[in-house]
Amino acid sequence: MLRVESVVMSFGGFKAVNGANLHVGAGEIVAVIGPNGAGKTTLFNLITGHLAPDSGRILFKGREIGGLSPHVICRKGITRSFQVVNIFSQLTVFENVQIAVLSRERKTYDIFSKVEGMAAEEVERTLRSVGLHDKRNVESVLLSHGDQKVLEIAVALSGKPELLILDEPTAGMAPEETETCIRLIRKLSDEFGLTILFCEHDMGLVFDIAQRVMVMVRGGTVVQGSCEEVRRNTEVQDAYLGGSA
Amino acid sequence: MEFLSHLFSSGTLSQFLVGLSRTTILFIVSSGLSLILGILRIPNVAHGSLYMVGAFLAYSVIHLFGGGVAAFVAALVIAPLGVAALGFVLERGFFSHLYEREHLMLLLLTFSFALIIGDLVKIVWGTEYRSVTLPVVLQGSAEILGLPLPYYNLVLLLVGPVIAVFLWLVINRTKMGKIARAAAVDREMVSAVGINVGWVFAFTFVLGCFLAGLGGALIAPMTNISLGMDHSLIIEAFLIVIMGGLGNVWGALLGSLVFGLTQSLGILVWPKFGIVFPYLAVVAVLVFRPRGLLSSTW
Amino acid sequence: MKHRSLVATLAVLGLLCALPPFLPRFYVYIASIVLLTGLLATSLNLAIGYGGLYQFHHTVFYGVGAYGTALMLTRAGAPAPVAMIAGPLAAALLSLVMGVICVRLSKLYFGMLQISLGSLVWVTVYRWYSFTGGDDGIHGVPLPDLIASAKGSYYYTLAVTALSLLAMRRIAGSPFGKTLQGIRDNPVRSEAIGVDVKRHKLAALVIAGFFGGVAGSLFVVVDTSAFPDMMFWTYSLEVLIMCLLGGMYTFWGPFVGSSTLVLLRVFVSVYTQYWGLILGTILSLVIIFLPDGMLGFFARRFRKGEVRGA
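Same order as they appear, the protein sequences are chains A, B and C.
Counting from 0, one number per residue, gives the positions in the first sequence under numbering that gives the first Met the number 0.
Counting from 0, one number per residue, gives the positions in the second sequence under numbering that gives the first Met the number 0.
Counting from 0, one number per residue, gives the positions in the third sequence under numbering that gives the first Met the number 0.
Isolated chain A, as found in the complex (with noise of 0.2 Å):
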């Protein structure tokens, strides 16, 4: 479904991303694992048009998207999370799934109707899905760090994707957010089949989830496979694990 191949982008003289392969197939859950700098949410940003890449191709579905604009690449089938907490703040719950849902519908230019009550149906659905229904007309602002969090996930969701991308779903969250929203996560995957690629720190729940995983070290691609293999790989030990694991 997503293909990266051997991609460069650098800011300034640094090479942020630095030959990258990454592949997705449609309905795989895949972790892209790294220490801190070594470019995942820079490869999260050139696949979702944030950036754009200087050399190698992206392709989704076969087409090549790298340096399309955030929005076409939305409209594509690939919507996101970021890394810190990226939602409609000053609107409420209901509000911020709303837009999604309006978006997607390509009602935004819609001048005439009363956008009251529009597309109600689905967003409580999704509400209730997430588990945010009761705080649906709460300002989001308002919201604990991890409700923001599953708030954004359950926008990103609304775009009706076919591949969703978290970066970094769980960080800043408390042990039993995490916890939730591993399963919240295992729950689209069964109910929707939607594919996931997502970053994450925690290992635990890397291979908890994961069917797949792609290592990146400085910006390169060191290792990709399923969990077993990654963790018996070597080289992965000694760039990331520190050789202790």
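Note that these hints are calculated values from the structure, not bench results.
These numbers come from a predicted model, not from an experiment.
Among the hints, erroneous ones may be present.
30 Å max Cα-Cα, derived DSS-like pairs, lysine-lysine [claimed, not checked]:
id	chain 1	residue 1	chain 2	residue 2
1	A	K159	C	K197
2	C	K197	A	K75
3	A	K75	A	K60
4	A	K60	C	K197
5	C	K197	A	K113
6	C	K197	B	K177
7	A	K106	C	K150
Let chain A serve as the given structure and place chains B and C on it in line with the hints.
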């Protein structure tokens, strides 16, 4: 051909030099605006009002001292200092508490100060036109390359570079200037290393106001000093600063030159629409370089 | 709740309709100015309050709307209905052109570029004596009898303002309006859910410019004139103040703010010539003593307030 000979006739050429000398004043005023915008991040609409105050102060000082060279020199010193003092009060009283506000709020706050200062000037100096006559020594014209150029315009042409060098020295060679530049880039970092940014900002604001006052004092003998002179100037100064690159003093110099030159040339080429040309130049520059000619401190 | 707001609207409209017979001619004129200035401020708010666009030179569209209508009536001798729509369309077109140039920038740079473009329009109108009348402007614009009298122009202004406000309120409460609020709140998130941020901003600018132009064409009806000061930069700042004082994040705030300022100015001018001093003092006190800025203050209002329920 006739058109060209008209363009290069001695009369129009000296007219051109006179126009150029006026850009000196644009430069002085807009460099002050640029400093305040670049380092303090305040889009100071009241800058034009301070310029107007400078002109009225110069008028009063000259009348108080009864004219002559001494009075004129005194005006050039006292008027900018008076405006700087006003700036000091404004900075300590208001802006020093408000640096973190949104630009829109600061813009409107300075606009409200502009309204207040405008009316205060009306109360103090009244609504009539005022004018200042040059001291006798400065009346008359010099011959430059066979062209007549009024002495005062010659003085202005010389003052411009002097101010530019002075600003360069302050910004690049003094500790204050270096801290100010660093603070423009990263305010928190500078205060984190224990430097009292507050006073650096006060100094910058006061310097900017001084330049506004100086511009006002210098324009005094060349124009009718009147209410409303702030309005026409502030928009030009803003455009110059935008064109040059927000907060870049050299941008202000370059911007003033472009603005002044296109205006002088424009008036030569098409007298009726001459005033339109500098605006056209600003738009042309910004369409291709939306962040201005030189790098901005933002 | 629905019923109450409908009743309130009808009551206000009824009151405004009944006003002219009881007012001296001059105050009927002032009432018209209040209405069209309210329309102008509300149109600006669509861009700056809802869209978060730093529309620093909105009165250019007001001026172009007025000149469009006035020139059609005087130079082209066009029928009044054509002239009335030509002004706003010219303003919308200008807004589109300026928007295309400005929209790639954000915040202060957007505002600054808009000031530059707007000033170019202003200075052209100001100097083009043979076409626009230069700094004298255009006076004594001929109007059809129906709207030529003070009362006639008042009722016309009232009708057009009411319809325009209704339309803008509809837009503000539409999916487009909600998307615009989303863009103001978080453009990155908007893009990531597939919203073409630039095109939505552009659309908002054109709508705001159009209604600004409507206000301008109304001014021609009320004052039978158009002049360059209408589109001078400082007037744009004054309209911004109206929005700020009334509350930018509410739909009716700018209308309330502008009415207050226009009326205050009329009454204060009777007693003193120092209107600027009074306005400046009020404004600076408001900005300084509401520590969040009015924006934050009204943001909180707004959440519980009418736009939310719209």
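Starting from the hint list further up, note which numbers the structure goes against and sort them upward. 6, 7
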